[in-house]
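Novice: Spelled out, the chains give:
2 protein chains.
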Amino acid sequence: MNNLIVMKFGGSSVANTEKIINVANRVTEKARKNHIVVVVSAPGDMTDDLIDRAKSITESPDPREMDMLLATGEIQSIALLSMAIKSKGFDAISLTGPQAGIHANNVHTKAKIRKIRPKKILEELKKNKIVIVAGFQGLNSNDDFATLGRGGSDLTAVALAAALKAKECEIYTDVKGVYTTDPRLISEAKKLDKISYDEMLELAGVGSQVMMSRSIEVAKKYNVNIHVRSTFSNEKGTIITKEVSQMEDVVVSGVAFDKNESKVSITDVPDRPGIAANIFGALSGKNINVDMIIQSAAREKYNDISFTVSKNDLKNAVSILKNISNKLNAGPVIYDENVAKVSIVGIGMRSHPGVAAKMFKIFSDEDINIQMISTSEIKISCIISSKDTDRAVKILHKKFGLG
Amino acid sequence: MNNLIVMKFGGSSVANTEKIINVANRVTEKARKNHIVVVVSAPGDMTDDLIDRAKSITESPDPREMDMLLATGEIQSIALLSMAIKSKGFDAISLTGPQAGIHANNVHTKAKIRKIRPKKILEELKKNKIVIVAGFQGLNSNDDFATLGRGGSDLTAVALAAALKAKECEIYTDVKGVYTTDPRLISEAKKLDKISYDEMLELAGVGSQVMMSRSIEVAKKYNVNIHVRSTFSNEKGTIITKEVSQMEDVVVSGVAFDKNESKVSITDVPDRPGIAANIFGALSGKNINVDMIIQSAAREKYNDISFTVSKNDLKNAVSILKNISNKLNAGPVIYDENVAKVSIVGIGMRSHPGVAAKMFKIFSDEDINIQMISTSEIKISCIISSKDTDRAVKILHKKFGLG
Chain H
1 MNNLIVMKFG GSSVANTEKI INVANRVTEK ARKNHIVVVV SAPGDMTDDL IDRAKSITES
61 PDPREMDMLL ATGEIQSIAL LSMAIKSKGF DAISLTGPQA GIHANNVHTK AKIRKIRPKK
121 ILEELKKNKI VIVAGFQGLN SNDDFATLGR GGSDLTAVAL AAALKAKECE IYTDVKGVYT
181 TDPRLISEAK KLDKISYDEM LELAGVGSQV MMSRSIEVAK KYNVNIHVRS TFSNEKGTII
241 TKEVSQMEDV VVSGVAFDKN ESKVSITDVP DRPGIAANIF GALSGKNINV DMIIQSAARE
301 KYNDISFTVS KNDLKNAVSI LKNISNKLNA GPVIYDENVA KVSIVGIGMR SHPGVAAKMF
361 KIFSDEDINI QMISTSEIKI SCIISSKDTD RAVKILHKKF GLG
Chain P
404 MNNLIVMKFG GSSVANTEKI INVANRVTEK ARKNHIVVVV SAPGDMTDDL IDRAKSITES
464 PDPREMDMLL ATGEIQSIAL LSMAIKSKGF DAISLTGPQA GIHANNVHTK AKIRKIRPKK
524 ILEELKKNKI VIVAGFQGLN SNDDFATLGR GGSDLTAVAL AAALKAKECE IYTDVKGVYT
584 TDPRLISEAK KLDKISYDEM LELAGVGSQV MMSRSIEVAK KYNVNIHVRS TFSNEKGTII
644 TKEVSQMEDV VVSGVAFDKN ESKVSITDVP DRPGIAANIF GALSGKNINV DMIIQSAARE
704 KYNDISFTVS KNDLKNAVSI LKNISNKLNA GPVIYDENVA KVSIVGIGMR SHPGVAAKMF
764 KIFSDEDINI QMISTSEIKI SCIISSKDTD RAVKILHKKF GLG
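Here the protein sequences come in this chain order: H and P. Be aware that the first sequence starts at 1, since it is given in this note's numbering, and climbs by one per residue. Be aware that the second sequence starts at 404, since it is given in this note's numbering, and climbs by one per residue.
Here chain H stands alone, though its shape is the one from the complex (with noise of 0.2 Å):
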């Protein structure tokens, strides 16, 4: 549809009647001249707190049920959202995920969304209501609600920008844009006017806060301009777009740091094929997302792999890795929290050899050890104790000229 936006709200921007009301007057600001599609999340700590409710109940409460519950958050934030809109004397529909045609899988409380169907969306933006859809939530093949995990709602947002071809998507938040390293950790840090979705995805992958990297990746597959900036500011944020050349004279755009990884090891693997299968196998199979992985060179025949997982997801990893040692009659599963993963991101290294050299050069000047290493075309991660994150991103952002 022609002179579409997409517009996303997350959970601190609704989480009160005067923050609604804030909303409702940016949505209506911008529906004078283009039609209008709203996503937003459920209000405030809302999700947290009906999980925390649920889990009051029941230690594991069942995944199709904490999804029926999960649904009324954003549920609420649309209603309340098109209430406000209404009563400023424009017209506005709020629609569930279901009813704005979003379709999911059935894996709950992590569905990945299947196809959307815009049809009632676009009906209702044909009669020139404003549009509000509820995120984080689709439709799955039992009628049922299913959730789209941690950062659904930038995800709905993107896609339904896809499928509806609007000219942008604008994510809402709570900082002013997609900034060069941390600005709460690092002053120096500077807001960056555009950065490809490759770089975004590298950022995203590497804890970056902004957006999770599903999100980015549709953008990218559906070439959805993307827009993050600030909820309580008209300032202009940050473009996520296609890559431009100009681009690549900046060689690292980005140092990002991610507290939430853990590292597990495997010890003592026999050496034969299907091994790496069986495990990562076994992980995916309980939806435990893996990051890196190294396997040690084989010695006599025996092998140790170690991976990261998320905080969250390491004593289930922990349980599964466990078991298939025991099976194959491997050593002992050993694991460490107190690691991070620290990244510097840009498309300028594909064609500036030795930044992963000067990277490791600046560590070793720290001392500061590497535990494990990570590269892409665009991308150098590193795990080191988490105790050394902080210093380690001031001295990269430094080192290579962000500031």
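It should be emphasised that the hints constitute simulated quantities derived from the structure, not laboratory data. None of these values were measured; they are calculated from a predicted model. Treat the hints loosely; a few may be bogus.
[Stated by the list, open to error] Lysine to any residue pairs mimicking SDA-like chemistry, simulated, CA-CA at most 20 Å apart:
#1 P:Lys458 to H:Asn22
#2 P:Lys523 to H:Ser141
#3 H:Lys127 to P:Pro466
#4 P:Lys522 to H:Asp143
#5 P:Lys458 to H:Ser141
#6 P:Lys802 to P:Asn729
#7 H:Lys119 to P:Ser544
#8 H:Lys19 to P:Ile454
#9 H:Lys55 to P:Asp494
#10 P:Lys725 to P:Asn692
#11 P:Lys530 to H:Asp143
#12 H:Lys19 to P:Thr461
#13 H:Lys55 to P:Lys458
#14 H:Lys129 to P:Asn692
#15 H:Lys19 to P:Ser463
#16 P:Lys529 to H:Asp143
#17 P:Lys491 to H:Asp52
#18 P:Lys436 to P:Arg517
[Said to hold, decoys possible] Covered stretches of chain H (in silico footprint by chain P; criterion: 3 or more residues with CB under 8 Å from a CB of chain P, positions within the stretch not fixed):
#19 43-55
#20 84-91
#21 378-387
Even glycine gets a Cβ: it sits at the ideal position worked out from N, Cα and C.
Start from chain H and add chain P according to the hints.
Specialist: Below, chain P alone, put in the same frame as chain H:
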């Protein structure tokens, strides 16, 4: 379905974790020998809190959006209760009103049930699951949530009991059953073992808080046995059922009162055909329920028309009447909020003449002024000044031998 019981729990029964676990215990006890459908309301004061929240945003929230908002309360209850039941090793599934096949009409916030298509419920019962249905909500023909208004969860329960041919519909509440009058007011009030639909209808119509008349009407129509009982004890409550002959031996079975009434009069209305239709058509067009109606005997071609509405509807009713009064060149509209309705109910009245006369005599002996009177076959109601309510109820309860 054979051996099926519908159990309905109100908001105070699921207000917190402890209470939800208590309800799960009651349900699973009964589930050993019966198929069970549970209907629940929103937890505690959530519905009122959500209404307040909406009104903090705009004075007159859009009704469709209000229903979208309010539907979340019951959905939270069904999800949490289902988790609690599953954690006890029983299989259960929660269903929203729409999922349960409850179809409503399009009057938002006061919808009526159009029909029930219990296919999904029956499928799940056949898998030996305890089915937990969100009360108070259905799906309207726009595929939107529609809420059923006050007492809506009772209505859901009774209508499901009828559609599923349940052997009983248990209404769990914070009182032990139906009493001869309000036990909070009169310590001599007695719990009734049985009461007929008609008596219960009259009691409900005159403000007995136990159940709303719309649910009783459905129960009567489909011959559903209702068992009103306490959530917090195993004691038998009161069975609401079809009339049995020995019931007639008791002349008056209950005294009820309603302090939520207000009296409105439109004065000096021209006495010509169509005027009443005009007035009450306008009120029902705004979904305002009118209770007692009195038209004074015509004096010189002008009438006074008085009626009672609930205090909530008073403001709207008065503004509609003022409009009509202007159009008809009638006199001023006057109203009084300081009134109450006191009623005696009993199927025995039909065969025992003089009950009304006795009631009026009792009031006159007590110097209680009667402002309006209405009677049915098994009920006599009087509007009196609200300050006299407690005294009137006590003396009627005593003089009709209910203590």
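Novice: Take the hints in turn and mark each one as holding or not.
Specialist: Hints, one by one, checked against the model:
1. Only pairs whose Cα atoms come within 20 Å are accepted, and Lys458 (chain P) paired with Asn22 (chain H) is accepted, the gap being roughly 16 Å.
2. Between Lys523 (chain P) and Ser141 (chain H) the CA atoms are separated by roughly 14 Å; this keeps the pair inside 20 Å, and the hint holds.
3. A C-alpha spacing of about 19 Å is found between Lys127 (chain H) and Pro466 (chain P), which places the hinted pair at or below 20 Å, so the restraint holds.
4. A C-alpha spacing of about 14 Å is found between Lys522 (chain P) and Asp143 (chain H), which places the hinted pair at or below 20 Å, so the restraint holds.
5. For the suggested pair Lys458 (chain P) and Ser141 (chain H), the alpha carbons sit about 36 Å apart, so the restraint of at most 20 Å is broken.
6. A threshold of 20 Å between alpha carbons decides the hint, and for Lys802 (chain P) with Asn729 (chain P) the separation of about 47 Å lies outside it, so the pair is violated.
7. Only pairs whose Cα atoms come within 20 Å are accepted, and Lys119 (chain H) paired with Ser544 (chain P) is accepted, the gap being roughly 17 Å.
8. Annotation: proposed proximity of Lys19 (chain H) to Ile454 (chain P) holds, straight-line Cα distance about 18 Å (limit 20 Å).
9. Among the hinted pairs, Lys55 (chain H) with Asp494 (chain P) is consistent with the structure: their alpha-carbon atoms are about 18 Å apart, no more than 20 Å.
10. Taken as a hint, the Lys725 (chain P) and Asn692 (chain P) pair is honoured in the structure, with Cα atoms around 18 Å apart against an allowance of 20 Å.
11. Our distance criterion of 20 Å between C-alpha atoms is met by Lys530 (chain P) and Asp143 (chain H), whose separation comes to about 18 Å.
12. For the suggested pair Lys19 (chain H) and Thr461 (chain P), the alpha carbons sit about 14 Å apart, so the restraint of at most 20 Å is met.
13. A threshold of 20 Å between alpha carbons decides the hint, and for Lys55 (chain H) with Lys458 (chain P) the separation of about 31 Å lies outside it, so the pair is violated.
14. Taking the CA atoms of Lys129 (chain H) and Asn692 (chain P), the gap is near 33 Å; set against the 20 Å cutoff, the hint is violated.
15. Using a Cα cut-off of 20 Å, the hinted pair Lys19 (chain H) and Ser463 (chain P) holds, with the two alpha carbons roughly 19 Å apart.
16. With a C-alpha separation of about 19 Å, the suggested pair Lys529 (chain P) and Asp143 (chain H) falls inside the 20 Å cut-off, and the hint holds.
17. Our distance criterion of 20 Å between C-alpha atoms is met by Lys491 (chain P) and Asp52 (chain H), whose separation comes to about 19 Å.
18. Distance hint between Lys436 (chain P) and Arg517 (chain P) is unfulfilled; the C-alpha atoms sit about 32 Å from each other, more than 20 Å.
19. Counting residues of the region 43-55 of chain H whose CB falls under 8 Å from any CB of chain P gives 3; the rule of at least 3 is met.
20. Counting residues of the region 84-91 of chain H whose beta carbon lies closer than 8 Å to any beta carbon of chain P gives 3, which reaches the threshold of three, so the coverage claim holds.
21. Coverage of the region 378-387 of chain H by chain P is violated in this model, with 0 residues showing a Cβ closer than 8 Å to a Cβ of that chain against a need of three.
The structure does not agree with the numbered hints 5, 6, 13, 14, 18, 21 stated previously, though it agrees with the rest.
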